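Student: Sequence:
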Amino acid sequence: MTSELLDFRRIYVEPAAAELPRGREVLARYPQATVVEVESHNRIDELYGDETNVNRWVRIKREALVLGVKKTLTARPNGRSADFIAPSTANGCAMACAYCYVPRHKGYSNPITVFANIDRITGYLTRHAARQGTKTTPNECDPSAWVYDIGENSDCSVDARISDNVQDLVGLFRWMPNAKASFATKHVNRDLLDWDPQGRTRIRFSLMPARDAKLLDIRTSPIAERMAAIDDFVAAGYEVHVNFSPVVVRDGWLDDWAELLGELHASIGPAARRQLAAEVIFLTHNRDLHQVNLGWHPKAEELIWRPDLQQPKRSQNGSWNVRYRTGAKGQYVAALVDLIGERLPYCRIRYAF
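Numbered as in the working numbering, the sequence shown ends at 364 without a single skipped number.
By construction, these hints were calculated from the structure, which means they are not laboratory data. This structure is a prediction, so every number in the text was calculated from the model and none was measured. Heads up, a few of these hints could be off.
[Claimed, not checked] Straight-line Cα separation of at most 25 Å, SDA-like style, residue types lysine to any residue; simulated pairs: (1) K225 with D319; (2) K82 with T148; (3) K310 with S256; (4) K310 with A239; (5) K340 with D267; (6) K225 with Q302.
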């Protein structure tokens with residue numbers, strides 16, 4: 012599975028990244044790769060912004076790696092899935108989910124970029140968490156800890172196969188008395204079971220009906236494998252939640268979700284059930300990404316580009332997104348929330364939209 016997902020042939024490297032210990036470690040892991048020096052990790056003409064790359068969508072993800080330095084460090088307030096979005100230790104992904112928003116920003120190709128200045132990132136997070144003090148008011152993120160999403164623009168389970176950045180973050184939050192890490196994943200990486208997070212890292216396994224995942228979740232771990240891993244990660248000291256995301260409306264969608272919820276219930280034991288919570292997120296798609304997907308995976312667009320069910324909405328960055336129509340969407344959300352309450356009465360829904 013790993014060699015099919017990651018088979019790096021070219022590593023694009025900022026000189027400053029190659030000089031750092033983490034950069035040297037990553038380069039040493041892939042001695043077979045051709046190293047290409049670049050001025051900036053986010054300005055590589057043959058990777059970003061070239062629409063002809065749509066024909067090599069998956070190949071680029073598997074064969075190209077970028078090694079850079081994270082210049083700007085901020086912890087952006089979030090307030091829904093997490094209190095803060097931590098500075099990225101990576102962005103891009105080797106997987107190829109048809110609905111992923113990252114290609115909207117990077118343009119036609121989004122291979123993994125690993126940031127080598129991990130010491131600066133962990134130092135920033137340590138100081139930021141210390142400034143927050145004790146969390147005195149519970150919220151939907153967590154009742155007592157400030158939650159930092161460490162994987163907004165990548166999948167940390169895959170990133171952990173490339174560098175030790177994610178392991179360093181899990182180790183960092185293990186000792187933070189007032190904060191915890193969180194990330195969503197569609198990849199089962201059992202190496203993480205040995206990291207002893209002591210409850211200070213929350214993993215959110217993303218789930219959807221297998222019928223949808225087969226078409227949309229390209230190059231990811233099968234849904235059944237993700238569910239089968241939950242008990243093991245709970246036993247290893249992780250807090251494990253689930254993301255029911257994205258929810259795609261189509262003929263028979265609610266019946267398929269009922270089947271998935273039954274499979275999830277059967278897959279997990281009492282310990283996992285006691286701490287289980289869910290985020291429920293209905294599909295948001297993007298007009299530009301729709302055009303890109305038509306070039307490499309048009310079958311997916313038949314499912315997720317539904318003008319008869321969707322309405323446009325301009326995002327904060329000015330691009331046009333589409334989501335299910337107001338009014339109808341509220342009915343969809345209520346129907347799924349009721350179904351979760353019926354099939355998984357112990358599962359707390361953190362939010363649904």
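Student: CA of K310 to CA of A239, is that 25 Å or under?
Tutor: Status violated; Cα separation ~28 Å.
Student: Has the given pair, K310 with S256, been kept, meaning a C-alpha gap of at most 25 Å?
Tutor: Answer holds: K310 to S256 is near 19 Å, not above 25 Å.
Student: Run the distance test for K225 versus Q302: straight-line Cα separation, threshold 25 Å.
Tutor: 21 Å, holds
Student: Straight-line Cα separation of K82 and T148 no greater than 25 Å?
Tutor: 33 Å, violated
Student: Assess, step by step, whether the Cα of K225 is no farther than 25 Å from the Cα of D319, and give holds or violated.
Tutor: 23 Å, holds
Student: Given the hinted pair K340 and D267, is their alpha-carbon gap at most 25 Å?
Tutor: Holds, at roughly 18 Å.
Comparing the model with each numbered hint stated earlier shows that hints 2 and 4 do not hold.
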